[in-house]
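Using the hints, position chains B and C against chain A.
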Amino acid sequence: MIGLNEYLILSGILFSIGLVGVLRRKNLLMLFFATEIMLNSANIAFAAISGHYGDLSGQMFAFFIIAVAASEVAVGLGLLIVLYKKQGTLDLDNLAVMKG
Amino acid sequence: MEQIAFYIFSVLTIGLFLVTVLSSNVLYAMTSLAAGMVIISGLFFLVGADFLGVVQLVVYVGAIMALYSFGMMFFDATKDIKEKNTNSYLVFALGGMIAVMFVVIFSAPVIGENIQATYFVTGATNPQAVGLILFTKYLIPFEVAAIMLLVAMIAGIILAGKKMDDSLTTRDENHEEDTTFGLKDEK
Amino acid sequence: MENLLYIALFAPLVGSLFAALFGMTPKNLITGFVTSGLLFISWLASVLLLIHVLSHGTVSANMMEWIGAGDLTIDFGFAVDAITAVMMVVVTTVSTVVHIYSIGYMDHDKGFNRFFSYLSAFVFSMMILVMSDNFAGLFIGWEGVGVCSWLLIGFWYHKADVGTDVNPSISPSWAANEAFIMNRIADLGMLVGIFLIYWNVGSLNYNVFFDAIPSLDNGLLTSIGIALFIGAMGKSAQFPLHTWLADAMEGPTPVSALIHAATMVTAGVYLVIRANPLYDAIPNVAIFIAYLGTFVAIFAASMALVNRDLKRIIAYSTLSQLGYMFAAAGLGAYWVALFHLAAHAFFKALLFLGAGNVMHAMHDELDIFKMGGLKKVMGGTYLYMGLASLALAGIFPLAGFFSKDTILEVAINEDTYIIWFTLWVTAGLTAFYSFRQVFLTFSGNERYKEIGAHPHEMPTFVLVAMAPLAILAVIFGFFMEPFNEFVTTILPSYEMSHETHHIAWFFIIITTLIALSGIFYAYKKYASGLIRDKELESSFVYRLLTNQYYIPALYNNVIAKPYKEISDMLWNKVDMKIVDTTVDGIAHFFFNNGDRTRRMQSGNLSHYLNWMGFGAVALMLFAVIASMIG
Chain A
0 MIGLNEYLIL
10 SGILFSIGLV
20 GVLRRKNLLM
30 LFFATEIMLN
40 SANIAFAAIS
50 GHYGDLSGQM
60 FAFFIIAVAA
70 SEVAVGLGLL
80 IVLYKKQGTL
90 DLDNLAVMKG
Chain B
0 MEQIAFYIFS
10 VLTIGLFLVT
20 VLSSNVLYAM
30 TSLAAGMVII
40 SGLFFLVGAD
50 FLGVVQLVVY
60 VGAIMALYSF
70 GMMFFDATKD
80 IKEKNTNSYL
90 VFALGGMIAV
100 MFVVIFSAPV
110 IGENIQATYF
120 VTGATNPQAV
130 GLILFTKYLI
140 PFEVAAIMLL
150 VAMIAGIILA
160 GKKMDDSLTT
170 RDENHEEDTT
180 FGLKDEK
Chain C
0 MENLLYIALF
10 APLVGSLFAA
20 LFGMTPKNLI
30 TGFVTSGLLF
40 ISWLASVLLL
50 IHVLSHGTVS
60 ANMMEWIGAG
70 DLTIDFGFAV
80 DAITAVMMVV
90 VTTVSTVVHI
100 YSIGYMDHDK
110 GFNRFFSYLS
120 AFVFSMMILV
130 MSDNFAGLFI
140 GWEGVGVCSW
150 LLIGFWYHKA
160 DVGTDVNPSI
170 SPSWAANEAF
180 IMNRIADLGM
190 LVGIFLIYWN
200 VGSLNYNVFF
210 DAIPSLDNGL
220 LTSIGIALFI
230 GAMGKSAQFP
240 LHTWLADAME
250 GPTPVSALIH
260 AATMVTAGVY
270 LVIRANPLYD
280 AIPNVAIFIA
290 YLGTFVAIFA
300 ASMALVNRDL
310 KRIIAYSTLS
320 QLGYMFAAAG
330 LGAYWVALFH
340 LAAHAFFKAL
350 LFLGAGNVMH
360 AMHDELDIFK
370 MGGLKKVMGG
380 TYLYMGLASL
390 ALAGIFPLAG
400 FFSKDTILEV
410 AINEDTYIIW
420 FTLWVTAGLT
430 AFYSFRQVFL
440 TFSGNERYKE
450 IGAHPHEMPT
460 FVLVAMAPLA
470 ILAVIFGFFM
480 EPFNEFVTTI
490 LPSYEMSHET
500 HHIAWFFIII
510 TTLIALSGIF
520 YAYKKYASGL
530 IRDKELESSF
540 VYRLLTNQYY
550 IPALYNNVIA
560 KPYKEISDML
570 WNKVDMKIVD
580 TTVDGIAHFF
590 FNNGDRTRRM
600 QSGNLSHYLN
610 WMGFGAVALM
620 LFAVIASMIG
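Protein chains in written order, with numbering that gives the first Met the number 0: chain A, 0 to 99; chain B, 0 to 186; chain C, 0 to 629.
So that you can see chain A by itself, here it is in the shape it has in the complex (with noise of 0.2 Å):
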């Protein structure tokens, strides 16, 4: 039997990927791939606590975060699109202008 305790390790260990992604990646692209990742582990475990006890609650905050992803993936793809052009490069190392 399934508990609710292996959905939120999957969970867990999707989200940790997502993050090593997250830290480790300098072209900003593969950046937001794994902004996705961690999206998308939020997501099972909404899900998953949702289906578990009946409550659809999990499922609503699920749908309202793909929502939310698909909104930010266009505003982000815009200025990446911005800076590329300014650029001609998409290396996270070049954008150190805030540099203090």
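What the hints contain is simulated information worked out from the structure, not anything from laboratory work.
Here the structure is a predicted model, which is why all the values come from computation and not from measurement.
We put the beta carbon where it would ideally sit given N, CA and C, even for glycine.
Check the hints yourself; a few may be wrong.
What the hints assert, rightly or not - With a cut-off of at most 20 Å between alpha-carbon atoms, the simulated EDC-like pairs for lysine to aspartate or glutamate come out as follows: (1) C:K576 x C:D594; (2) C:K448 x C:D574; (3) A:K98 x C:D594; (4) C:K524 x C:E445; (5) C:K533 x C:E413; (6) B:K136 x A:D54.
To be verified - These stretches of chain A come out as covered by chain B in the derived footprint (C-beta under 8 Å, 3 or more residues): (7) 2-15; (8) 19-25; (9) 53-63; (10) 74-81.
Just chains B and C, lined up with the frame of chain A:
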């Protein structure tokens, strides 16, 4: 039956996402991401969130990954990006710790059996239940999300639009639309 | 009547503040006139008060309450009784004359306005000192005269150390500091005395304290008496706190006349006279005061015998006469001490002002070996200084005769023959050195021509201003009996026993004889001119006396130098190394920390994300632990 499905799906997801994170080829990363999304949709079906699973497929795999593909086309994807050799161990350690943290924090209420369901819908299939809840209890977030999507769309258009390279005020090169109050002959 | 009191007290203050307005501007005669005029008003008020007190007794006024803290109440209260009235008249008389004199003397000085401001401020402080009716007011006046004396001695503060063969090289600033610091050391003793009084009696008022004396323990009274006398020792330059008086001659001559002859140095005597119930109760301390005074008298006279500096001779004679006053006060004859104080004020101030005339004529030359024969050019000054010296020597019928002889009589009356003998010998020495100075300055060959000086007499108004002092020096002695009756309404009366009355004429004769012999010896030696004796001048006794018994050198090497060493060490080792290092260390710590944390802002997104992850982990850990504990 359910167990087998769950394990297969979870192994697949983890493997695919590892490829996404560790690969240095953009195409591979993106493809594995899309595949992972599909498998996650399968997981949703497994849990009983039918509507959510379909939405995941349509929105995530269909729309968002398509968007990423167009983005990949735009940027030079054949170049291999060199990763800087930061302290990988530190990063992996951080990631591992966060995972452990999450599990502990999220399963604590579960183990302690402290959760009570609030919106319990009986009978009805999942889409019907979703529809009932979404348009009554969660109406306002729904509308706000709609507005947010609208805003994102506009933002995307503005940011990526062609004519947006030069600023609006210098578009008329002959200064035809300048307003000089009165003395027009002075140049 | 209270108005007279306030007028006498505050007129000098108004003058001082008025002159202070002109402090930074060039010399303006109006400051001299206004301050002298206000001081004359103060003198008038004092005389009127004296007349009033003669017939009606004490006048008291309570201006306002100063400190009211719990049990401690100190008022700005003033009481003019016989003692105070006498002191007020003496102070205002000498001060008025000195102010008018200074208008002529400080004629060419750039700090003319500042001088009168300081001078009037000094008179104000002295008035507070003598008019106050409690020890706190006395102390305020005490400190005030100390400060004004510092300001006035160091008046020419920009003058550097000038080494002459007459006196060791001293700058006015150094002399001022020495005077102030020595006074400060003595003030510590005085403060201890005042604290003891308050602690045991609960009030600082004179009358309250004097009424409480019979009920206080003898050991306590002795401590209070000693402590207060230490304060008096500093102000009146008794041994061993005497070195500042001779060095204070670096100040302008009117300052020496006012402060170091007539007023500030007599503050110590005033204190002892005022606290006479206390010293009557502790005869041991009183006798010690008398012996100390006698010692100082002969000690100072011996140093004046060989000195070449015009003003220092007069300073040592002041010191000597102060010893006389303390001797009289210590033996219980307080009214005699007060009488000698008043008489001495007049003729000593006259002597100093005459010396000022000579200095002005000789362009600030002080060495009497370089003067001589000045009586041809400065007849008036010769007359004044001669009169004053006769009074100082105690020749009938001048003032000094009456007061000094009475002191000697007191010594016989008390059967303290050592004191009598010492004071008798000192009288002879006094006569000798004062006339040595007069003859060397005014008679004999004109040695000043060798240094190219062109002396001339002072303007007439100055000589006229000095006249009241001369007149008082002559006639004051005849007021002794009325003075006695007046003052002993407050002070205990002191009557000579019958035996003393019978043999008094004998002692008067031998005292006069030794004084006259001193004068004749001086005349024989110096009137015809200066003959220097190399052998005498290199003898041990002579050198001992010229170097002031090497006491200033002793103080410098034993006290001043080690203290400076300690200060330097504390500055370098403790302050710079320890304190500064600590404070700087804290500052550097914060600065370096900030510098290091600045590098966190690298502008690199990946870096920031790392930190974000790290922070998230830390917070979650914290939450888990907190929930587990709580």
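Hint check results:
Annotation: proposed proximity of K576 of chain C to D594 of chain C is violated, straight-line Cα distance about 25 Å (limit 20 Å). About 57 Å separates the Cα atoms of K448 of chain C and D574 of chain C, which puts this hinted pair outside 20 Å; it is violated. Pair hint K98 of chain A plus D594 of chain C holds up; C-alpha atoms about 14 Å apart against a cutoff of 20 Å. Our distance criterion of 20 Å between C-alpha atoms is met by K524 of chain C and E445 of chain C, whose separation comes to about 16 Å.
Restraint check: the Cα-Cα separation between K533 of chain C and E413 of chain C comes to about 44 Å, which exceeds 20 Å; the hinted pair is violated. Straight-line distance between C-alpha atoms of K136 of chain B and D54 of chain A comes to about 13 Å, which keeps the hinted pair within the 20 Å bound. Evaluation of the coverage hint for the stretch 2-15 of chain A: fulfilled, as 13 residues show C-beta separations to chain B shorter than 8 Å, against a requirement of three. For the stretch 19-25 of chain A, the stated coverage by chain B holds: 6 residues have a C-beta nearer than 8 Å to a C-beta of that chain, and at least 3 were required.
Judged by the Cβ-Cβ criterion of 8 Å, the stretch 53-63 of chain A is covered by chain B as claimed, because 9 of its residues qualify and three suffice. Under a criterion of three residues with beta carbons nearer than 8 Å to beta carbons of chain B, the stated coverage of the stretch 74-81 of chain A is upheld, 7 such residues being counted.
Of the hints listed earlier, those the structure fails to meet are numbers 1, 2, 5, in rising order.
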